[in-house]
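Let the hints inform the model, and build the full structure from the sequences given.
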Amino acid sequence: MQFNTVLRASLLACGLCASTMAIGQEKTGNKEGFSLAPGTVRIMLMRPVIQVGEQSTGGMYEPNADWTTQARENIAASLHDAQSKLGNQITSYAETASGEEPVITQYSHLFGTVADSVIEYQFFPGNRLPTKKRDKGFDWAVGPGIASLKSLEGADYALFITTRDEFGSTGRKVLQIFAAMGGVSVTSGVHTGHAGLIDLKTGELVWLNADRQMGGDVRTPEGAQKRVKQLLEGFPGKPVETAALAGK
Amino acid sequence: MKLRAFALMALTGFATLQPARAAQDAFQLPPYAHAYEPQTVDERGQWMEADERERQIRDSPLRIREGNLETYLRTVLCHEVGQDRCAGVRIYAMEVPMFNATMMANGAMEVWSGLLLRVRSEAELAAILGHEFAHFELRHRLNGFKNQRGTSDAMAWISVLGGISNTPVGSANLSLLGSVYRFGRDQESQADLLGLKYLANSGYPAGSASLVWQSLMAEEDASALGRKQKPKQKYTAGFFDSHPASFERAARLAQEAAKLPAGGDARAKEFQEAVAPYLPRFLTAQVKLNDFGGSEYILSNLSQRSGWTGDLLFARAELHRARATPRDLQLASQFYRDAKGAGYSNPDLDRNLGLSLLRNGQTEEGRAALSSYLTAYPDASDAKAINALLAN
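Chains A and B are the protein sequences, given in the same order. For the first sequence, this note's numbering assigns the number 2 to the initial residue and increments by one for each residue that follows. For the second sequence, this note's numbering assigns the number 8 to the initial residue and increments by one for each residue that follows.
Among the hints, erroneous ones may be present.
[Said to hold, decoys possible] Selected chain A positions facing chain B (in silico; Cβ < 10 angstroms):
| # | residue |
| --- | --- |
| 1 | Gly60 |
| 2 | Pro64 |
| 3 | Phe179 |
| 4 | Val187 |
[Said to hold, decoys possible] Computed footprint of chain A on chain B; a stretch qualifies when at least three of its residues, placed anywhere within it, have a C-beta under 8 angstroms from a C-beta of chain A:
| # | region |
| --- | --- |
| 5 | 42-52 |
| 6 | 153-166 |
What the hints contain is simulated information worked out from the structure, not anything from laboratory work. The beta carbon of each residue, even a glycine, is placed where N, CA and C say it ideally should be.
Dropping the structure here:
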């Protein structure tokens, strides 16, 4: 596993990598005709997958525990703010001694796989599977089994959030400048994230938003607010303040 | 031209910088110290990643939660390295039918079921656990990460500056990449040596560490022969190998063990008893690997210690039924019957016996075996399919 990272990093280091952002990629999908009931919607925020670190000169990810902790706190706080403005009640999932942890973890993995599939096979217009064309609607789910989980009782929806930030190190930036002098493109920094909402009665994915190039420095409260706004773009049933996103 | 000179200067600069970068930060405490908190930015980052990964392993469906297997593994490690050291370690037994154990930066250890099926005594198990613990004690994850980062940084600069100055850099980068693998292999050798010291100091026979690799080589040879390939063991590691060659390790460990106290009981019996409840499922997973030679080697190894028990005979029958030459089908039926005679009582035996008899053209006997499977297990998930077979 470690050695793959080295290989990947050395490939990046060759400076041949172009931006991974494809032109025309869609970012948001909503289940057709779905909207949240106004007011008293209870949302369970599943343990977010948050990774914050630096990108080394050679392109390796250097995890940073302090930044990750800051981001975890900032993002949670911003989410609570954003959702209470929408009139929703949001609870962070707390690990308990219910014995359901292994299943919950599996659902988190499953959500991640489903989200990756949506991004890969529906959000890229040129890559759509025949059953996932736009006229076929937005039809994805993690299965109805999630409804029977005791530790999620009392919540209407589960919100999953994933963000990964690799801030370009000074070395990486200097390398970028030198590479640009030679006419070679080297990217610096990785900022990706996605968020999705699962209907806990049916297991259906009712909304997914993914962005391969996100803004907002999650290490600061203001940056995290911006990030959360971007993560919640297209959140069902509620208008999003698009004006604030103009400066993205 | 100027640019070219600059590039060369930068390259030599990096070459001299490397050793300085590799110099270790001074840590006050060993990572296994009581309630240790990771110190530097890099160490905290590695531990955080490891904490996340450990969370996934803890909740993994592959984890063997039943019984006392994890407790037993822990007892062996604690006996080997001492209570103060093992207090910083968590051991997770995972059902993966391959020979492996891994150590994370934060002291979480994964032990795979394939390892438990292969080692033949508590001493051999301890040799592996001690090796993994040494990785933890010596902070190998962290140092490996730093080495990879430093090297890939240098490679990035060499690529860019080489590109600008039109200097060919392929071979420089290749040898740097090779140095990362060499660094990893050096860490493995260090862990082998420290692990061996723990093994010898705790009273296990020090020669056991070498035996693990000898047996593994014999299994690889058997596996190659089973696949009609030429067995080939490397004498030394290749350029991209993550570990030293087994041959090198076995020889080095035997040589070093000779300098250490010989040790006493390898506790083969205790190990056998601890693993016995899990043996059927470990064997089932091994048989499914489609590795006739290797599996047969493991079975004969196991039978040397316990004799041919029902479980072993059943696994042997399954192995032959899967390969399914006419000769295998006949042998399979024989081994199924022997397994029954040796006390194997799961009704699956009758089904599999029936199926191999049918395939071998022994229709009457086959139908009789399938019928007794259905009698014993009328609600079986495959009852419909078996009934359909019988109705033909």
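(request) Any hints from earlier that this structure breaks? Give me their numbers in increasing order, please. (result) Hints that this structure does not satisfy do not exist here, as all of them hold.
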